[in-house]
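Participant: The opening position of the sequence shown corresponds to residue 1 in the working numbering, with each subsequent residue numbered one higher.
Think of the hints as simulated: they come from the structure by calculation, not from any bench.
Warning: the hint list may mix true and false statements.
[To be verified] Restraint-style ranges between C-beta atoms, simulated for each label pair: (1) Q378 / A165: 37 to 43 angstroms; (2) R192 / R405: 38 to 44 angstroms; (3) A430 / G241: 34 to 40 angstroms; (4) L208 / A90: 39 to 45 angstroms; (5) W476 / I23: 35 to 41 angstroms; (6) L415 / R360: 44 to 50 angstroms; (7) L466 / D74: 50 to 56 angstroms; (8) V53 / A383: 21 to 27 angstroms; (9) V53 / L157: 25 to 31 angstroms; (10) W438 / L475: 30 to 36 angstroms; (11) T371 / A196: 44 to 50 angstroms.
[Said to hold, decoys possible] With a Cα cut of at most 25 angstroms, we get these calculated SDA-like pairs of lysine to any residue: (12) K285 / A338; (13) K142 / L157; (14) K285 / L359; (15) K142 / Q260; (16) K285 / V191; (17) K142 / M259; (18) K142 / S190; (19) K285 / L415; (20) K285 / S416; (21) K142 / W193; (22) K285 / W193; (23) K142 / V191.
Only a predicted model underlies this, so the values are computations on that prediction, with no experimental measurement involved.
Note that CB positions come from ideal geometry on N, CA and C, so glycine has one too.
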Amino acid sequence: MAYGRRALGASFWSLMTNGGQQIIGFLFFVFLARLLPPEDFGVIAMALLVVDVLATIGRVGQVEALVQREEIDDRLCGRLFWVLQLIGLALMGLVMLAAPPISAFFRVPELVMVLVALAPVCWLQNLSAIPEARLRRDFRYKELALRSIVGMLVGGLAGVIAAFAGWGVYALVVQRLTNQLAQNVLLWASVRWVPAIDFRPRTGDQPLFPTLAFGAKVAVATLLNTANVRLIDVMVGFFMGPVALGYLRIAWRSFDFIMQFSIIPVVNVALATFSRLRDEPARLKRAYLKMTALASLSIFPICFGVGSVAHVALPIVFGERWMPSAPLMQALSPIAVAATINYFFVPLMTAVGHANWVLRQGLFQLVLSITLTYAASQWSIYAVIAAHVARATIMALLNMWSIRRAVGISPAETLSAIAPALLSALIMAASVWASWIWLFDHGGTLLHLFALIAAGVAVYAGILLLLFRRFVMGLWDEFQQMRRARKTGSGAVAE
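All chains should be modelled from the sequences, with the hints used to inform the complete structure.
Facilitator: Spelled out as structure tokens, the structure:
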């Protein structure tokens, strides 16, 4: 099968459907932000620091481990499933027991009950791990997208109802729990697989412990990457309190929406694609560069565009009380360049069997993040954002060097793949900023916002077609060939 082109098609399709689900989730987020104060978002962020980290540990990287394996059977999946259930239940109990000391650490008394209420997330995520891995292996992204869309709708509606009922921060708890429950129900309905309880050794068994060990390395690396991001929440929450953390969460959530909309759909198919091409270096290289270029086409204009209109858009979208988040969003926008490189590092290294490299990278990144973030937190929240961008940039440089060693893709080739989108996005952002100052005289109305967005889209598309037409048409031809293959039912297109 031509996995490079099949993955490119899956990425385009996933980008379109994932966009819909992220828009739904973000709309609910905006609605809740208009109903709840910054302090509530700060408290829920503190709770999710603990829950999300433990949930990452609890999955033991088994989604990635099963996707990476050449073959899996129902017996291996069943044994892994029950191991994950025991781990998930244990972590749920741990969160409940640790809630009081964690609350005392942050000096936020209401955090105790919020942590207790969110503790089941650790088990619920493990409940869906093996079914998710089976769907990803088969490129069944339609089911995964449907699961996320319905989960966001159910969770969002439940959260809004709870907010109107005056539940405060617990409206956000309700949103998270109902979202996860709805996703689990749909996921299990899609796989139609029942795990057997049978741990008796048999001849020909696929290895359980090597699979767990491989996944554990991936989980630790993922945990370290998560810690690098969440470390900022810890520092801001501890030194500056829940209100400052609430303002930061609006900026984080806005950029997370951008990442989910623009790059995560491509990254989601990267591991399965790279794993199947790992023995064909030339095709693996082409697939990596195509996916990186595709991601850059969407993430750069959105990130730099949001940065250039944040001062106008944020009070219109979230309300005037969230205006302190606008400069934070602007300061975060350059991270798009590093993110495009860093997001593909883990799936690429995992696919070619260099999980140890991922682990070493994560450990170094954690030390770097602790050092930079702690120093910056003594100054201001803006210094913390600058430290975060600096950390991501340093890691992008190191990751490109590691990719060259592992698979022979030079930094120059990676940068060439993202250069057209980057240059076009920078010109677009400068044009939008200049228009706001000189043409609209710092106007902040909805009409001004629409005009700035329209100008940005026109400039970005114009620069791409004027200066990089061959680059754009090459990706478009790939997309068209993928569509023709799907219409004829071939499922693959020759490279």
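Participant: Going straight from one Cα to the other, do K285 and L415 come out at no more than 25 angstroms?
Facilitator: holds, 14 angstroms
Participant: Is the gap between the beta carbons of V53 and L157 within 25 to 31 angstroms?
Facilitator: holds, 28 angstroms
Participant: Can you tell me whether the CB distance of R192 to R405 sits inside 38 to 44 angstroms?
Facilitator: holds, 43 angstroms
Participant: Does W193 lie within 25 angstroms of K142 when you go C-alpha to C-alpha?
Facilitator: holds, 18 angstroms
Participant: Return holds or violated for the Cβ distance of V53 and A383 against the range 21 to 27 angstroms.
Facilitator: Holds - the Cβ-Cβ distance for V53 and A383, about 24 angstroms, lies within 21 to 27 angstroms.
Participant: Can you confirm whether the C-alpha distance between K285 and A338 stays at or below 25 angstroms?
Facilitator: holds, 19 angstroms
Participant: Regarding Q378 and A165, is the given constraint of 37 to 43 angstroms on their beta-carbon distance met?
Facilitator: Distance hint for Q378, A165 holds at roughly 41 angstroms.
Participant: For a C-alpha distance cap of 25 angstroms, please report whether K285 and S416 respect it.
Facilitator: holds, 13 angstroms
Participant: Just to be careful, I want the Cα atoms of K142 and L157 compared with a cutoff of 25 angstroms; is the pair within it?
Facilitator: holds, 23 angstroms
Participant: Between K142 and M259, does the CA-CA distance stay at or below 25 angstroms?
Facilitator: With Cα atoms ~19 angstroms apart, K142 and M259 stay inside 25 angstroms; holds.
Participant: Measure nothing beyond the straight line between the CA atoms of K142 and S190; if it is 25 angstroms or shorter, mark the hint as holding.
Facilitator: holds, 10 angstroms
Participant: Indicate whether the distance between the beta carbons of W438 and L475 respects the range 30 to 36 angstroms.
Facilitator: holds, 34 angstroms
Comparing the model with each numbered hint stated earlier shows that hints 4, 5, 6, 16 and 22 do not hold.
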